[in-house]
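Undergrad: Listed below, chain by chain, are the residues.
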Amino acid sequence: MTSQPTEATFEYDASVIGVEVPLGTFDITPERVAGYLKATGETNLLYTDEAAAKASPYGGLIVPPGILQTVSLTGAPNAKVKFGNFAMHSGQRMEVMGPIRVGDAISVAADVKEVYAKTGRSGTMVFEVRRNTFRNQHGETVAVSEMSMVHRQAGGG
Amino acid sequence: MADQRYFEDVEPGDEFNESWTPTREAVIGYLTVGNAEAGNTASRFTSDEEAKKIGMAKAIVPGAFSLVMASRVVADWMGPEGKLHSIDVDFRRPVLHDDTLNILALVTDTLEDDGVPTVKLDVYLENERGERPVQGTALVELPKRG
Chain A
1 MTSQPTEATF
11 EYDASVIGVE
21 VPLGTFDITP
31 ERVAGYLKAT
41 GETNLLYTDE
51 AAAKASPYGG
61 LIVPPGILQT
71 VSLTGAPNAK
81 VKFGNFAMHS
91 GQRMEVMGPI
101 RVGDAISVAA
111 DVKEVYAKTG
121 RSGTMVFEVR
131 RNTFRNQHGE
141 TVAVSEMSMV
151 HRQAGGG
Chain B
1 MADQRYFEDV
11 EPGDEFNESW
21 TPTREAVIGY
31 LTVGNAEAGN
41 TASRFTSDEE
51 AKKIGMAKAI
61 VPGAFSLVMA
71 SRVVADWMGP
81 EGKLHSIDVD
91 FRRPVLHDDT
101 LNILALVTDT
111 LEDDGVPTVK
121 LDVYLENERG
131 ERPVQGTALV
141 ELPKRG
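So the protein lines, in turn, are chains A and B.
With the numbering used here applied, the first sequence covers 1 to 157.
With the numbering used here applied, the second sequence covers 1 to 146.
Treat the hints with caution; some may be incorrect.
Unchecked claim - Dumping the calculated DSS-like pairs for lysine-lysine here, alpha-carbon to alpha-carbon at most 30 Å:
1. LYS54/A to LYS38/A
2. LYS52/B to LYS82/A
3. LYS113/A to LYS83/B
4. LYS58/B to LYS38/A
5. LYS82/A to LYS120/B
6. LYS80/A to LYS54/A
7. LYS83/B to LYS120/B
Read the hints as simulated data drawn from the structure, not as lab findings.
Only a predicted model underlies this, so the values are computations on that prediction, with no experimental measurement involved.
Chain B extracted, bound-state conformation (with noise of 0.2 Å):
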């Protein structure tokens, strides 16, 4: 299990990220879990050729998936006993199959609201383009030590 994080060890400017790449067999996966017949469609998240017709290089990941993918990676550098308390995310690109993705989170802040250890950061996916095409923030509540 991913180690414990707490909130006393944790401050503003702290950095961690997990690389990611969205092949077609993974969106697949992703959108059959809600729609088993979602493999058998052909859609802008499935095929290159149905994403052509709509402006874009080839088959698209769809924002829900890189959503998620964003939480993860919050999740486990929280540990067990964090709590993902909520994420958004804005996307400004696309993010196409195949593409090498780093997805990176930043601390922003730590507060004590109403006596609740939270943190709050920023969290951004980045292609090898040198694009952010997706880019928002997580609020996270962490134990204290003791």
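Bound conformation, chain A alone (with noise of 0.2 Å):
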């Protein structure tokens, strides 16, 4: 592990910032689609009526983004940050790109985004940005997403 001393103390794996590493791939298939669309309880057309996505500027059934939201592939990089003794999920980010279609196959690649510490009224907390990228069987970037870890002393501090 590489120590990377801050003004906050902490320490973290800075190796892996920025180095994707690849997870595998993510079909979409009709069943995942129908999984996605009944759990969320989507029936926008657009995703369920192949005549009316036709006449859609897609020009055909496309799949909601949030389907990429359910990935979960092992492997992640993960920067060991070392501070405090609780750690949460504090946010998610989703960006997208372009559509996605059934059928597709989509490549998932990993990386630590970044670690950095705010200090505020309720002590210092460091963030861990973790980033998948998501690309289809073209090699088009279809949709980016960030998941926050923070890292925090329970009841301050």
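With the hints in hand, could you dock these two chains into one complex?
TA: Structure, rendered in structure tokens:
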């Protein structure tokens, strides 16, 4: 582990920052899309009605980009932040670049975007931002997702 | 199909909302889209017992599920020619199974950066306890009339 001493006195593995690791492929199958539409109660005809979707700017059925938030692949890099005694999922971001369609094979690459500290009235918190980049079988980036983890000392400090 | 919303018809202060109750069935359905085994694995997202071990009152809803539900409400509001560019939320409190939630969105700005008709929104989830466990922003592009 590469120690990165800072004024907040935390350590993390800086060698993983910005280094993409391929996690595998997430296939957009009809079964997955049906499960996603059911779980989210999605009824938008862009996703559910072939004729209506064909008349749309997309020219055919597309898939809600949120389906990529369900991806569960192991092997993502971890900055191994050493700070505090408590960590939680503090935020989530999704940027959408292009349409996703049934039959797409979405490759997933993960990296740690950044690690940084913030100090406020409740004490110091260390944020680790983990990023997934989703590319289709044509190599086009269709979405980027970021998950923020916050590390802190429970009870302040 | 949801009606098309046009850039000219949107003003800061416009609001829309939709109610949502995340049931255990829906949470498991969401999790199993990306991991077929998730429904068979006890976790803080599927089991009250596991959630209580980490101090939660009952099983919690994955943060990403709250994000996609907010994005769904925004997408429905936009109509078929709208484009969701980004959505970004912070988790302030846990969302619990069977919470009665109101997903709200508020238009905060309309602008045409580089000729692209863009709308900024604040998005929130409110629960029956008066809390806003999830809040954030979204950036969407709407078509112009004619």
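Undergrad: If a hint holds in the structure, say so; if it doesn't, say that too.
TA: So, going through the hints one by one against the coordinates:
| no. | hint | verdict |
| --- | --- | --- |
| 1 | LYS54/A to LYS38/A | holds, 22 Å |
| 2 | LYS52/B to LYS82/A | holds, 25 Å |
| 3 | LYS113/A to LYS83/B | holds, 25 Å |
| 4 | LYS58/B to LYS38/A | holds, 23 Å |
| 5 | LYS82/A to LYS120/B | violated, 36 Å |
| 6 | LYS80/A to LYS54/A | violated, 47 Å |
| 7 | LYS83/B to LYS120/B | holds, 12 Å |
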